[in-house]
Every structure is written in C-alpha cells, then in structure tokens.
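Enquirer: Going line by line, the protein sequences match chains A and B. Under our numbering, the first sequence has 94 at position 94, and the numbering climbs by one with no breaks. Under our numbering, the second sequence has 848 at position 393, and the numbering climbs by one with no breaks.
Don't read these hints as lab results, they were simulated from the structure. Some clues are possibly wrong.
Stated by the list, open to error - With a cut-off of at most 30 Å between alpha-carbon atoms, the simulated DSSO-like pairs for lysine-lysine come out as follows:
| id | chain 1 | residue 1 | chain 2 | residue 2 |
| --- | --- | --- | --- | --- |
| 1 | A | K77 | B | K680 |
| 2 | B | K636 | A | K77 |
| 3 | B | K484 | A | K444 |
| 4 | A | K253 | B | K841 |
| 5 | A | K41 | B | K896 |
| 6 | B | K756 | A | K41 |
| 7 | A | K12 | B | K483 |
| 8 | B | K542 | A | K61 |
| 9 | B | K895 | A | K12 |
| 10 | A | K77 | B | K538 |
| 11 | A | K17 | B | K896 |
| 12 | A | K375 | A | K322 |
| 13 | A | K414 | B | K756 |
| 14 | B | K680 | A | K405 |
| 15 | A | K375 | B | K800 |
| 16 | B | K641 | A | K17 |
| 17 | A | K9 | B | K538 |
| 18 | B | K636 | A | K41 |
| 19 | A | K414 | B | K470 |
| 20 | B | K884 | A | K61 |
| 21 | B | K815 | B | K756 |
| 22 | A | K61 | B | K895 |
| 23 | A | K17 | B | K542 |
| 24 | A | K17 | B | K895 |
| 25 | B | K680 | B | K542 |
| 26 | A | K41 | B | K895 |
| 27 | A | K41 | B | K841 |
| 28 | B | K841 | A | K12 |
| 29 | B | K884 | A | K12 |
| 30 | A | K61 | B | K569 |
| 31 | A | K404 | B | K756 |
| 32 | B | K494 | A | K230 |
| 33 | A | K53 | A | K9 |
| 34 | A | K17 | B | K470 |
| 35 | A | K230 | A | K284 |
In this text the structure is predicted, and so the values were computed from the model without any measurement.
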Amino acid sequence: MSYISLSDKDQKDMLAKIGVLSIDELFQCIPENIRLDRNLKVPNAHTELELIKRFLLLSEKNTYNGYLSFLGAGAYKHFIPAAVDYLSIRGEFVSPYTPYQPEVSQGTLQSIFEFQTMICQLTGMDVGNASLYDGASGAAEAVLMANRLMRKNKVLVAKSIHPQYRNVIETYTQNLDIHIEEIGYMDTGQVDLDGLKDLLDDQTFAVIIQSPNFFGIIEPFEEIAERSRKNKTLSIFLVAEAVSMGILEAPGKLGADIVTGETQSFGMPLSFGGPYLGFMACSKEFIRQFPGRIVGQTQDLDGNTGYVLTLSTREQHIRREKATSNICTNQALCALRATIFLELMGEEGFMDMARQNMQKAAYAFEQLSSLQGVKPRFSGRIFNEFVLGFERPWLEIDLMLREKKICGGFPLKKDFPELKNCVLFNVTEMHTKEDIDRLTTALKEALGTQQGGKQ
Amino acid sequence: MIREPLIFVLSEKGKRACLLPVLDVDEKKSVTQGITVRKNIKGFPQVSEVEVVRHFTRLSTTNYCVDEGFYPLGSCTMKYNPKINEKVAGFEGFLVAHPLAPEEMNQGNLEVLKLTEDLLCEITGMDKFSLQPSAGAQGELVGMMMIRACLESRGEQRKVVLIPDSAHGTNPSSAHLCGYKVREIKSNSRGTVDLQDLAAGMSEDVAAFMVTNPNTLGVFESDIKEITRIVHSEGGFVYMDGANMNALIGTSRPGDMDVDVIHLNLHKTFSTPHGGGGPGSGPVGVKEVLAPFLPKPHIEKRGERYYFDYDRPQSIGQVKSFYGNFLVVVRALSYILSLGPEGLKEISEIAVLNANYIRKSLEDIYHLKYNSPTLHECVFSDLFLKDFGVSNLDVAKRLIDYNVHPPTMSFPLIVHGALMVEPTETESKRDLDLFIDAMKKIAIEAEKNPELLKSAPHLTYVRRLNETTAARNPILKWTPESKGKE
C-alpha cells in the first residue's frame with residue numbers, strides 16, 4: 001500500500017521547482033558510506049485484505065477470550081458504554097497533536113479540563129493533571145515530586161503496592177539520591193503500622209501506600225497520613241483499581257498529599273497491558289512541582305471562555321534539565337475515553353458500579369472461602385479482589401480449571417515468595433452470580449478430584 | 456456562535472445515561488463495616504446519553520486535525536494515520552487480552568511484539584529492541600539508564616552528558632532524571648554539531664553525547680561518523696534521538712552510523728495517531744554491547760513458543776507496567792507490513808521532496824538562518840517581520856484563518872522566532888501549494904496590515920486566548936460555585 005498523494009507529474013514539477021534532477025540529489029548531504037545500498041529486508045507490501053487476514057490470524061492465536069476469567073491484579077475488565085468507543089474514534093479527537101494551538105484545539109482542551117475536574121472530585125484533591133503514562137510511572141513520578149518538595153532522601157514503600165509499580169519506582173530512582181525502604185504487611189493484609197512508626201525518621205520524605213492494596217485490602221490510610229504528617233513526611237495515596245473511588249472515601253479527605261495511579265478501569269479495554277491511563281492529583285500548594293501537562297481556563301480577545309495548556313514553565317520544553325518531569329506525549333486519547341466513560345456513568349451509575357463490585361466480590365469471597373482446602377489469606381476488608389490460600393499446589397488446580405475454560409486468579413508466589421499457593425481473585429460487575437457459582441463448583445471439583453487422586 | 460458549556464453545567468439530579476443490571480447477589484451491609492464510605496461525589500455530572508454524545512460531537516468540531524487538513528508541525532511528523540491500522544488494532548483477540556494471563560493464551564500478542572522488534576532492528580540497523588517505553592521521553596530515559604548501567608558494570612562513574620544546543624527539551628530533562636549533569640555543545644555556522652566544541656567537551660567524565668539526526672533544523676549531521684569516533688575514543692556512548700527518523704527510513708540506518716542506542720516514536724515515523732497528546736510508544740534499540748541492560752521482561756522465542764524473559768540480571772528494570780503500549784505497537788506493525796521495502800523507502804524520499812519544495816518556495820520571503828541542505832523539515836525565522844512589529848506567533852495564528860495548522864513555534868532555540876515546518880510524505884501538491892500561498896499572503900499582510908495578524912485568528916470557535924492570565928491566575932477545574940458564570 002502507499003499513502004503518498006503525489007502524481008508522477010507533481011514530482012517532476014516539484015523537482016524542477018527545487019532545481020534538482022532527482023530525489024536522490026536531495027540526499028547528497030548523507031555521506032555515501034552510510035547510505036543504505038539495498039532494500040530493507042522486511043516482508044513485501046501487504047494490501048488491506050492481506051493485513052486483515054494476517055492480523056486476524058495473529059489475534060486468534062490468543063486463546064484467552066474463550067475463558068471465564070478472574071484475573072485482575074492491576075488490569076480490570078469493566079463495562080464500557082457503547083458511546084465511549086463511538087465518540088473516541090472520531091478523527092477530530094484521534095488525529096491532532098498535543099494542543100499547542102489552543103484556538104484550534106478547544107475540543108481536546110475542554111475535555112481534559114473536564115477530566116481534571118472529575119479526577120479532583122473523585123480524589124478530593126485541589127488539582128489534577130492531564131494524564132501520565134500509567135499507574136506505575138505515576139507512582140514513580142509521585143516519589144520524585146515528593147523528593148523535590150521535601151529535599152530528604154528516604155521513601156517508605158508499602159510491600160503491598162502493585163509489585164510492578166514498585167519495580168518502576170526502583171527503576172526511576174536508581175540513579176538518584178533516593179533510598180527506598182519497605183513497610184511490611186500484617187495478617188489483616190494491611191500495612192504494619194508499628195513497622196511504619198519505626199521506619200519513619202527525619203530523613204523520610206514520603207510514604208507511599210496503595211488502597212485497596214495489591215491484595216485487594218482497604219488500608220487504614222487516615223492513620224497512616226496522620227502519622228506521616230506528624231513526622232513532616234508526605235503521604236502518597238496510590239490507586240490501581242480506580243472504580244474503588246466510587247464507594248471508598250476520597251483520598252483527599254483521608255489526608256493524602258498526593259494521589260496517583262491507574263485509571264484503566266475508566267473505559268480502557270485490557271489490550272494486553274496498554275495503552276492505559278495514569279493520573280495524578282495534589283494539593284494546591286505543591287503545584288509548582290507537579291509533573292505533566294495541565295489545562296487551565298482563560299478568556300479570548302472577545303471575553304469568551306476558553307482553555308489552554310498552562311503552567312508550562314514546569315515543563316521540559318521550557319525548563320529543560322530543570323523540568324519537573326521529562327514527560328511530553330502522555331495518554332490524552334485515553335483520558336478522553338475516561339472522561340466520556342465517567343460522564344456516561346454519572347454520579348449514581350459510577351457509585352452503583354463500585355457498590356456492585358464490592359458486593360459481588362464479597363459473595364465470591366464467601367463462597368470460595370467455604371470450600372475445603374481453601375483459606376482466606378488475609379482478614380482485612382476487601383473491595384473487588386481477595387487472596388485465597390490453597391492447601392494443594394495451585395499449578396495443579398489451575399490446570400484443572402483451565403480444562404473447564406476458567407482462567408483462575410493470579411498466583412502471588414513469583415512476586416511474594418512467602419505467599420506460596422496464594423492466589424489473587426478479581427470480581428467485577430461483569431461477573432454474574434452464575435459465573436461466580438461456576439468458579440465455585442469447578443474449584444470444588446478440582447480440589448475434590450485432586451484429593452481423590454491422592455488416595 | 457453557540458458555545459458548548461462544561462458538562463457539569465448540564466448536570467441535574469435524576470438524569471442518567473448508563474444503567475447496570477440489577478445486582479444479582481444478596482446485598483450485605485456488612486461488607487463496608489469499619490471502613491469509611493463516601494455518600495456522594497460532589498459535583499460529579501449526571502446527564503443523559505444524548506447530552507454526552509452531543510457534547511463531545513460538538514466539542515470535536517472545534518478541533519483541527521490531520522484528517523481535516525495540512526498539519527506541518529515540525530519535529531512531530533503529523534502524517535496521515537491509515538485507517539486499516541485502527542481496524543486491526545480493534546480486533547477482539549487483542550482488545551480483550553489480559554496482560555497476566557498465562558503466556559500460552561497470549562501467543563499472538565507475543566508474536567506481534569517480537570515481529571515488530573525484529574523489523575525495527577532491520578529498519579534502524581540496531582541489534583535489539585525493547586517496546587516497553589510509553590513514549591519518546593521514556594525511551595530517552597531508558598536509553599540513558601542503559602548507558603549508565605553499562606558504564607557502572609565496568610566500574611566507571613561518569614557524570615556528564617553532552618547535548619547540542621539545538622536539542623529537544625526532553626533530552627536534557629531525561630539525562631537529568633538519570634542523574635547526569637548536562638553540558639551544552641554549540642552548533643556551528645552550518646547548524647550542525649561543532650566538532651571542535653564536542654572534542655573539547657569530551658573527556659573520561661562524559662558518559663554520552665545525545666544527538667538528533669537529522670537535527671531539529673532538518674540538517675543531516677554529515678560528520679556523524681566523526682562524532683561517534685570522537686565520543687567512542689573517550690569511552691563514551693552515542694545516543695541518537697530518533698524523532699526525525701522519517702527523513703532516513705529506507706535510505707540510511709543509525710546503526711550503520713555507529714550510534715549505540717536510539718529511540719523511535721511510533722506515533723511519528725510509524726503513523727500511529729497522536730490522539731491529541733498520546734498514547735504514543737517510544738521503542739529503544741541498542742547495539743549488542745548494551746543489550747544485557749534492556750528493560751525486562753524481554754520477549755524471546757524458543758522453538759515455536761514465545762515467552763517473556765525475566766531472568767536478566769543486568770537489566771535496568773521495568774519502566775512501565777506490563778509490556779508497553781501494545782495497541783500502538785499493533786498499529787505500527789500494520790503500517791510497516793502495509794508498505795514493504797519500497798513503500799518504506801518512499802516515506803523518506805517524498806517527505807524530503809515535500810520539505811524541500813516548501814523551502815524553495817518560501818526561502819526568498821521568509822528568512823532562513825542556515826543555508827545548509829535540509830531533509831524532511833526546514834526552519835524559518837521571523838527576522839524580516841520585526842520591522843512590522845509582527846512575530847512568529849502572529850504568523851502562526853494567522854495561518855489558522857487559512858485553515859492550515861501552524862508550524863512548530865519558537866523551536867529550536869538557536870533560531871530567533873522559529874517556524875519549523877515538516878510537511879511529511881502524505882501531503883498532496885495541492886495542500887502544499889495552499890500552505891505556500893497562505894504563507895506568501897501572510898508575508899504581505901504583515902507589511903500592509905500587521906493588525907490583521909496580531910489579532911488573528913479571526914474565524915475560529917475562540918479567538919486568541921490569553922495564556923498569561925491562565926498561568927498567573929490558574930483555574931484548573933470547574934467548581935459548583937462557578938456554575939452561574941458559565
């Protein structure tokens with residue numbers, strides 16, 4: 001295929017205008033010895049029909065689609081209203097660049113302003129940004145921001161945050177004067193408050209806690225924020241499952257200084273892990289150290305309300321090495337999807353979604369916990385995920401479930417060696433009672449078969 | 456003109472768009488025992504579906520976009536986004552795939568990633584790629600971290616990174632985030648790296664030189680082999696910012712220029728849509744010497760099976776949850792496959808032809824600071840407009856009235872009042888001519904009627920917006936108190 005719009009005549013006319021005989025002449029500035037003297041070894045050009053066939057084949061090599069799945073762990077399957085897809089594929093939203101020219105970008109800018117507003121309403125914070133790459137880099141950016149604000153070098157990271165977020169925090173801080181210490185968790189699944197007390201010292205600039213945490217457990221954040229504040233330490237509230245904000249108290253009300261995380265749940269399909277949508281919100285007083293694009297309201301020459309990218313003196317294109325972040329292109333179209341999603345769900349619909357997640361997960365937790373050979377690993381309150389411990393090796397159970405076209409939960413052993421045969425299950429509004437019962441029955445059979453096989 | 460209000464203004468209690476099915480398990484009050492639940496989300500919208508659909512449809516009409524017309528935003532490569540790429544990226548098997556499902560359930564996705572990595576290696580002449588970085592700036596960070604990790608594995612603690620004065624702001628920012636001090640290298644009278652300044656700046660304390668090639672003036676760094684030699688001779692690495700790969704694709708390869716690491720922008724060279732500011736994708740390619748330091752996991756193939764390799768002890772670690780912006784990668788792969796070897800080469804050929812046509816047509820009117828030959832873009836300055844009290848900003852805003860998106864403004868910093876024009880390969884001669892005509896008319900207007908430019912644009916949904924007020928008195932969200940004012 002070709003996406004060139006010049007005819008042979010056009011090309012000839014243009015070369016004549018430039019005053020050269022061939023296109024090749026325009027490349028004379030590239031020394032001969034570094035010019036490619038052959039064609040690239042890539043597959044021959046595909047037509048549309050051939051592309052469709054090839055990609056259909058590739059997409060159908062993925063077999064996950066046919067399974068009833070209870071995987072979550074930072075990537076959640078939620079309902080996406082039809083109008084989200086319908087509106088967000090419009091070329092007017094898909095094909096512009098970052099809105100550097102506000103007079104021809106009001107659609108993008110006003111949508112982001114609405115996104116920032118709803119992030120503030122959900123988090124209870126003063127200001128939100130236009131987006132970050134994902135929850136993991138959001139967590140890392142929050143640590144860097146707190147570090148700039150406090151000018152100390154120790155950050156306390158809860159062991160119970162998403163392990164991949166912790167990895168990314170470690171990567172981002174590895175060459176800087178930032179020292180990471182871990183806060184353990186208790187049998188409730190919540191952070192160890194006594195441990196936190198011991199770790200907080202005069203070098204601690206921030207504490208980062210995820211709630212609901214990676215195990216699905218709701219953290220006592222108010223108390224954590226209180227202790228941090230007394231120690232002149234900032235508290236960072238991390239969100240991996242953003243639907244939880246539809247029922248749990250806003251982090252800002254619980255005392256958070258910075259709230260950041262992942263909003264994939266707001267209208268982004270699972271998409272094998274990306275693109276997703278990072279967000280960040282903070283108190284007004286910290287705005288000069290805030291990373292990422294921000295949209296603000298202003299007026300035009302006639303006094304009409306309009307929107308522009310603002311406070312850009314924090315950013316790399318102005319401040320260069322002194323910028324608050326190197327981020328440039330972010331996740332604008334994903335933020336648009338989230339904006340449309342939230343506006344369609346509305347206050348009642350979104351809160352109902354959160355309530356249904358909590359109720360259904362509680363039902364599943366109760367049903368599955370009652371099976372022989374299964375034990376809830378933690379006793380704390382959950383939102384829509386929970387950890388079960390199995391007496392038998394999970395690998396065997398999992399294989400039996402897969403024979404029944406069920407993709408069970410996420411085994412924790414790799415990231416938490418101490419949680420052998422412990423598995424994280426996720427239940428959302430997409431699961432019916434029937435789905436949950438099907439899992440319960442299948443698991444019961446699997447556990448029974450296995451025990452039977454041993455005798 | 457009817458102005459579209461903020462959605463919050465339309466909100467009334469009782470209006471609903473989406474309903475979920477009735478909860479099918481017994482509701483238990485006890486699930487929230489002992490935790491603080493919220494009673495409402497103050498100010499959150501409550502509107503109907505029709506209102507939402509009309510809201511965004513109306514808002515969309517106030518955006519200018521590539522699908523509508525010419526968008527010569529320099530250094531951003533605003534080419535046409537082929538629709539077939541959107542279609543294949545929307546296939547169910549890709550959309551519903553959970554990133555943590557067992558590898559055998561995601562073999563198609565892993566094949567997409569591996570195939571794309573291999574093709575990018577061939578296109579750039581690098582040895583290995585990682586598709587994990589979310590965008591160009593994150594790719595830069597990864598590249599610099601790999602350099603640092605490699606040097607440290609040799610017991611070297613270098614502290615400085617050299618960067619040309621014409622570089623993108625992300626370069627110094629990424630180097631800084633990697634713990635390096637940044638030192639600027641001057642451009643010479645040709646607009647390219649001053650070799651003497653580079654040689655003088657180079658020492659055993661310098662970890663890397665970051666170079667954009669062709670640079671932000673659209674000028675090819677023809678001394679690139681000498682540049683890499685100078686840097687390598689002192690044990691440093693050469694990082695190439697691949698933002699301008701559109702000028703080179705199929706014609707020459709960074710790997711053959713001896714650069715050690717490069718990032719690409721799939722949302723530039725490889726046609727994936729910019730989405731009004733993302734999502735992008737910033738793959739990083741390296742020579743063998745840096746391969747052990749690539750982010751993890753890295754995709755490998757054993758027999759017929761693809762898998763994620765986590766066992767990479769020297770890796771810099773992970774920079775993104777899961778494996779990158781997967782659906783963006785799918786689009787880029789579709790693009791590469793759609794074009795094949797001849798089509799890929801045609802990208803750089805026509806992009807360079809279009810840019811030179813514009814340059815030739817306007818260089819007698821608009822000032823060019825550097826005379827060097829240019830490839831895919833050219834940078835004019837607003838110098839000749841000074842006498843009329845008009846700036847590059849005014850030209851840019853007036854262009855909007857001619858239904859053309861303005862070029863990149865005031866960048867690179869080494870050109871006063873820069874107007875950086877990158878037409879890309881997809882534009883028709885008619886669109887190029889419309890732009891050229893508009894620029895010529897504006898030059899005349901600047902002299903005859905400067906006010907027309909200074910108060911532009913005139914035909915847009917909003918007129919020139921006051922950015923100073925926005926920054927001085929930031930209003931960053933809607934509040935219920937502002938309801939009456941809308």
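Enquirer: Hint by hint, say whether it matches the structure.
Expert: Each hint, compared with the structure:
no.: 1; hint: A:K77 to B:K680; result: violated (50 Å)
no.: 2; hint: B:K636 to A:K77; result: violated (44 Å)
no.: 3; hint: B:K484 to A:K444; result: holds (27 Å)
no.: 4; hint: A:K253 to B:K841; result: violated (53 Å)
no.: 5; hint: A:K41 to B:K896; result: violated (46 Å)
no.: 6; hint: B:K756 to A:K41; result: holds (20 Å)
no.: 7; hint: A:K12 to B:K483; result: violated (76 Å)
no.: 8; hint: B:K542 to A:K61; result: holds (18 Å)
no.: 9; hint: B:K895 to A:K12; result: holds (23 Å)
no.: 10; hint: A:K77 to B:K538; result: holds (26 Å)
no.: 11; hint: A:K17 to B:K896; result: holds (20 Å)
no.: 12; hint: A:K375 to A:K322; result: violated (51 Å)
no.: 13; hint: A:K414 to B:K756; result: holds (21 Å)
no.: 14; hint: B:K680 to A:K405; result: violated (57 Å)
no.: 15; hint: A:K375 to B:K800; result: violated (61 Å)
no.: 16; hint: B:K641 to A:K17; result: violated (33 Å)
no.: 17; hint: A:K9 to B:K538; result: holds (27 Å)
no.: 18; hint: B:K636 to A:K41; result: violated (40 Å)
no.: 19; hint: A:K414 to B:K470; result: violated (47 Å)
no.: 20; hint: B:K884 to A:K61; result: violated (43 Å)
no.: 21; hint: B:K815 to B:K756; result: violated (50 Å)
no.: 22; hint: A:K61 to B:K895; result: violated (55 Å)
no.: 23; hint: A:K17 to B:K542; result: violated (39 Å)
no.: 24; hint: A:K17 to B:K895; result: holds (16 Å)
no.: 25; hint: B:K680 to B:K542; result: violated (42 Å)
no.: 26; hint: A:K41 to B:K895; result: violated (43 Å)
no.: 27; hint: A:K41 to B:K841; result: violated (50 Å)
no.: 28; hint: B:K841 to A:K12; result: violated (36 Å)
no.: 29; hint: B:K884 to A:K12; result: holds (11 Å)
no.: 30; hint: A:K61 to B:K569; result: holds (14 Å)
no.: 31; hint: A:K404 to B:K756; result: holds (28 Å)
no.: 32; hint: B:K494 to A:K230; result: holds (29 Å)
no.: 33; hint: A:K53 to A:K9; result: violated (35 Å)
no.: 34; hint: A:K17 to B:K470; result: violated (61 Å)
no.: 35; hint: A:K230 to A:K284; result: holds (20 Å)
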